[in-house]
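Sequential numbering from 8 applies to the sequence shown in our numbering.
Rather than coming from a laboratory, the hints here were simulated on the basis of the structure.
Predicted model, so just to flag it, every value in this text is computed and none were measured.
We put the CB at the ideal spot given by N, CA and C, even for glycine.
One or more of the hints may lead you astray.
[Stated by the list, open to error] Lysine-lysine pairs mimicking DSS-like chemistry, simulated, CA-CA at most 25 Å apart:
| hint | residue 1 | residue 2 |
| --- | --- | --- |
| 1 | 243 | 36 |
| 2 | 216 | 139 |
| 3 | 243 | 206 |
| 4 | 67 | 243 |
| 5 | 36 | 67 |
| 6 | 206 | 216 |
| 7 | 67 | 143 |
| 8 | 139 | 67 |
[To be verified] Per label pair, the in silico range of CB-to-CB distance:
| hint | residue 1 | residue 2 | range |
| --- | --- | --- | --- |
| 9 | 171 | 216 | 17 to 25 Å |
| 10 | 170 | 376 | 27 to 35 Å |
| 11 | 362 | 215 | 51 to 59 Å |
| 12 | 296 | 68 | 43 to 51 Å |
| 13 | 71 | 143 | 35 to 43 Å |
| 14 | 240 | 121 | 36 to 44 Å |
| 15 | 139 | 105 | 34 to 42 Å |
| 16 | 369 | 211 | 41 to 49 Å |
| 17 | 253 | 169 | 33 to 41 Å |
| 18 | 74 | 215 | 36 to 44 Å |
| 19 | 143 | 211 | 15 to 23 Å |
| 20 | 173 | 359 | 25 to 33 Å |
| 21 | 211 | 355 | 40 to 48 Å |
| 22 | 143 | 169 | 24 to 32 Å |
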Amino acid sequence: MDLSRLTLEIFSKLEQKWLSEPIYSPASKPKTRILTIDGGMERDGMVAAEALVHLETQIKVQTGNPNARITDHFHLIAGTGLGGVLALLLTAPLLSATEARDFLMSNLANLFRRDNAGRFFRLQRSGSFSGKSFSKTLRAVFNNMTLRDTCKPVLVPCYDLNSSAPFVFSRADASQSLSFDFDLVDVCRATSASPGVFKPCGVVSVDKKTRCVGLSGGLVMNNPAAAAITHVMHNKRDFPDVGGVEDLALLSIGNGRDKSDGGDFVGCIKSNLAMEIVFRGVSDTVDQILTNAFSWNPTNYIRIQTNGLTTEEGASKAIDEKRRGGETPEELRKSGERMLSEIGVESLPFGGKRLLKETNGERIETFVRGLVVASTRIVANSVEPLLLLPPPSPSWEEVNSGVTLLADGR
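All chains should be modelled from the sequences, with the hints used to inform the complete structure.
Below is the structure:
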């Protein structure tokens, strides 16, 4: 008997069974479902928005419910930069994914409007786009909503120049204290304030006790998935049944950066390219860590990321896009379609990546099938309601009697 051959066959079958395990096995308890959206600028935001439209479309098709929304099937949504704007559009004014994408498409020129100051004064400023135009555009949809007005737990990070540390805006903190409740327009400004694009944004809590000077969350949490998992595992008020990653199902939507964006690395690297390297490095590092964390149940973690490996149809779209420059909102939207047609790539537990057979779009469809199976099982067995409703906001007296603030309200 050839023991080496027999051992290889045994381990091959075990690996096949391990990798083909569905997101939700019949014997497992319902998973807490997390959606995260990477940060970035115009192209990255439109790519993520198109992925969200595909996600919501698949939810509608596979549930047979034409009114289904992403927020009906995820317990927490986190986003950075324009990903944070998308997360808040889905959870506060309760836009559908299509409405959120169309809002970005029709307002990109106003969100990223050049500052009207003269050239000399622009050179003296830290941002080249108008923060006032950005805020005014978002004010039209958010009005005066704050973090407490979101329908689901949300996380939106930024970097606080006051404390020289990351600062994470969350509905959980806002529900506990007015000192951590912030205007949603200010939250969007803070997480999107990339160096050289927007000036840092001063943010003040509703009760004026907490202040920060926000810079882009992409500097420290361009991929907010790790922060989202940490939040869920430690927030027993909203997620009392989560004991570890085995209780989670995570869909991570990457941005529009691929290898073709890097250009020629020979010689001096320009500052904008250095920022791209930072953002990409942060995202890939988090992806590698989460791959290791979910290594015993890899189908519970799916990462969608532009990688430049397209099908023939996607390659044709990419060529057409490059010929046209890819700068109009419609061309940016087509970048998202191209990303969905690209062949999926996933990180391996101990380094490196491997090419999959599914496209990114098909991987989203696979994840949604797991959501639908879980939802059907929950309803059939009456285990728990599908939606995680937000807890009632505490009164001012409850807030003041139950919270001890640190220095400077933090």
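Checked hints:
| no. | hint | verdict |
| --- | --- | --- |
| 1 | 243 / 36 | holds (17 Å) |
| 2 | 216 / 139 | holds (24 Å) |
| 3 | 243 / 206 | violated (36 Å) |
| 4 | 67 / 243 | violated (31 Å) |
| 5 | 36 / 67 | holds (24 Å) |
| 6 | 206 / 216 | holds (22 Å) |
| 7 | 67 / 143 | violated (33 Å) |
| 8 | 139 / 67 | violated (37 Å) |
| 9 | 171 / 216: 17 to 25 Å | holds (20 Å) |
| 10 | 170 / 376: 27 to 35 Å | violated (43 Å) |
| 11 | 362 / 215: 51 to 59 Å | holds (53 Å) |
| 12 | 296 / 68: 43 to 51 Å | violated (33 Å) |
| 13 | 71 / 143: 35 to 43 Å | holds (40 Å) |
| 14 | 240 / 121: 36 to 44 Å | holds (43 Å) |
| 15 | 139 / 105: 34 to 42 Å | violated (28 Å) |
| 16 | 369 / 211: 41 to 49 Å | holds (45 Å) |
| 17 | 253 / 169: 33 to 41 Å | holds (38 Å) |
| 18 | 74 / 215: 36 to 44 Å | holds (40 Å) |
| 19 | 143 / 211: 15 to 23 Å | holds (18 Å) |
| 20 | 173 / 359: 25 to 33 Å | holds (28 Å) |
| 21 | 211 / 355: 40 to 48 Å | holds (45 Å) |
| 22 | 143 / 169: 24 to 32 Å | holds (25 Å) |
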